[in-house]
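So you can see what is in the structure, the chains are spelled out below.
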Amino acid sequence: MELAISTAEAAEVVDVTDRVEAAIPDDVRSGTCTVFSPHTTAGVAVNEAEPLLMADVEAALSRLVPPSAGYRHDEIDDNAAAHLRTMLVGESVTVPVTDGSLSLGTWQSVLLLEGDGPRERTLQVVVAEAGAS
Amino acid sequence: MELAISTAEAAEVVDVTDRVEAAIPDDVRSGTCTVFSPHTTAGVAVNEAEPLLMADVEAALSRLVPPSAGYRHDEIDDNAAAHLRTMLVGESVTVPVTDGSLSLGTWQSVLLLEGDGPRERTLQVVVAEAGAS
Amino acid sequence: MELAISTAEAAEVVDVTDRVEAAIPDDVRSGTCTVFSPHTTAGVAVNEAEPLLMADVEAALSRLVPPSAGYRHDEIDDNAAAHLRTMLVGESVTVPVTDGSLSLGTWQSVLLLEGDGPRERTLQVVVAEAGAS
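Taken in order, these protein sequences are the chains called Y, W and E. Under my numbering, residues 226 to 358 are what the first sequence spells out, in order. Under my numbering, residues 226 to 358 are what the second sequence spells out, in order. Under my numbering, residues 226 to 358 are what the third sequence spells out, in order.
Don't read these hints as lab results, they were simulated from the structure. Keep in mind that this is a model prediction, so the values were computed, not measured. Idealized CB from N, CA, C, for every residue including glycine. Hints are not guaranteed to be accurate.
[Unchecked claim] Ranges between beta-carbon positions, derived for each pair:
1. Y:Gly325 - W:Gly356: 22 to 30 Å
2. W:Asp243 - E:Glu345: 27 to 35 Å
3. W:Leu228 - E:Ala233: 34 to 42 Å
4. W:Ala247 - Y:Thr347: 24 to 32 Å
5. W:Pro250 - Y:Leu228: 39 to 47 Å
[Said to hold, decoys possible] Just some of the chain W residues that point at chain Y, by a computed CB distance under 8 Å:
6. Ala229
7. Ser231
8. Thr232
9. Ala236
10. Phe261
11. Arg288
12. Leu289
13. Ser293
14. Glu316
15. Thr323
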């Protein structure tokens with residue numbers, strides 16, 4: 226299953242939890258749900274979708290990986306920082322499925338982290354059944 | 226399967242390898258074991274459970290994400306740094322299962338990284354069978 | 226399935242995409258492929274295998290986790306920085322499998338990030354079938 230997501234900003238966090246939840250097939254009761262970004266400048270993470278925290282995420286990533294720092298890859302394509310941030314954040318998450326739903330904690334959401342937008346992005350969702358252990 | 230873990234410090238690394246190993250059902254011989262933290266301020270990682278290294282991990286995370294740095298989320302809940310560290314470390318790991326056991330390397334352990342303790346934490350363990358390839 | 230990889234440098238990025246692809250069993254059409262490093266000083270990531278970007282990755286990791294910074298673990302074994310970098314990058318990736326192949330994006334490759342080479346490394350590949358959702 227693929228989800229299509231349009232991002233609106235150069236750097237942006239999009240809460241995709243509801244769309245991932247809707248992609249779980251009805252016949253899977255327990256297992257895992259992997260959400261994978263087939264992009265090198267947009268990652269996926271799980272954390273709290275609180276707007277002030279999302280501003281902190283952007284600020285922290287900008288501090289850890291400054292937008293411009295003489296990156297060699299910028300000679301080819303001016304987006305090295307977005308690649309590096311995506312490698313730090315990761316391009317996928319795997320969330321347990323219990324009783325047919327994402328087994329997220331109270332404060333957790335599945336987040337797309339756009340690093341080189343605005344773009345049309347896709348996320349791949351793979352749900353694997355596993356016996357409840 | 227859920228594991229209950231009581232953490233004792235604000236920031237702490239807990240080796241949960243034995244408890245994860247014990248959660249693998251007897252009838253699964255090969256596949257994957259996903260360990261998922263349903264928390265936004267405590268992550269999961271795999272590395273060496275060597276006490277001096279664990280002190281280095283804490284120091285490195287404090288340097289990369291200082292405890293206080295004017296985070297906006299701290300206006301709501303005074304734990305933005307723990308959220309950000311958890312996003313860097315990740316909230317889950319997936320480890321191969323071979324011959325019914327975690328297929329960890331010699332120096333690897335499964336680690337819970339508490340970022341906002343002490344707390345009662347849980348970890349979700351999902352074991353999915355896969356034919357040995 | 227295990228892949229054997231010889232690294233040639235202290236720090237090095239090795240594109241292992243073709244070897245992972247070849248490890249997918251013929252009878253699996255859709256599911257997930259987990260690539261796991263059983264090492265504590267060599268990680269696995271997915272991103273673009275562009276040589277200048279790989280130099281940027283090395284420079285960024287050296288800035289985030291300097292080679293020597295008074296690490297306590299260096300009293301035991303002089304490779305704390307490699308442990309810390311591996312924890313940031315992660316020791317595994319999970320990639321969807323579609324139509325019997327890794328479902329990577331156009332610019333994505335599976336990368337081994339050596340942090341304490343040269344060494345003989347292995348990667349574990351586990352492919353789990355899942356119904357196409």
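Structure-based check of each hint:
1. Y:Gly325 - W:Gly356: 22 to 30 Å: 25 Å Cβ-Cβ, so the 22 to 30 Å window holds.
2. W:Asp243 - E:Glu345: 27 to 35 Å: Given about 28 Å between the Cβ atoms, the range holds.
3. W:Leu228 - E:Ala233: 34 to 42 Å: Since W:Leu228 and E:Ala233 have Cβ atoms about 41 Å apart, the given range 34 to 42 Å holds.
4. W:Ala247 - Y:Thr347: 24 to 32 Å: 39 Å, violated
5. W:Pro250 - Y:Leu228: 39 to 47 Å: Violated: the Cβ-Cβ distance is about 32 Å, outside 39 to 47 Å.
6. Ala229: Status violated, d = 14 Å.
7. Ser231: Result: violated, 17 Å to nearest chain Y Cβ.
8. Thr232: 15 Å, violated
9. Ala236: Hint violated; W:Ala236 Cβ to chain Y Cβ min 17 Å, cut 8 Å.
10. Phe261: Hint holds; W:Phe261 Cβ to chain Y Cβ min 5 Å, cut 8 Å.
11. Arg288: Where the cut-off is 8 Å and the nearest Cβ of chain Y is about 11 Å from W:Arg288, the hint is violated.
12. Leu289: 6 Å, holds
13. Ser293: 12 Å, violated
14. Glu316: 5 Å, holds
15. Thr323: Interface hint status for W:Thr323: violated (17 Å vs cutoff 8 Å).
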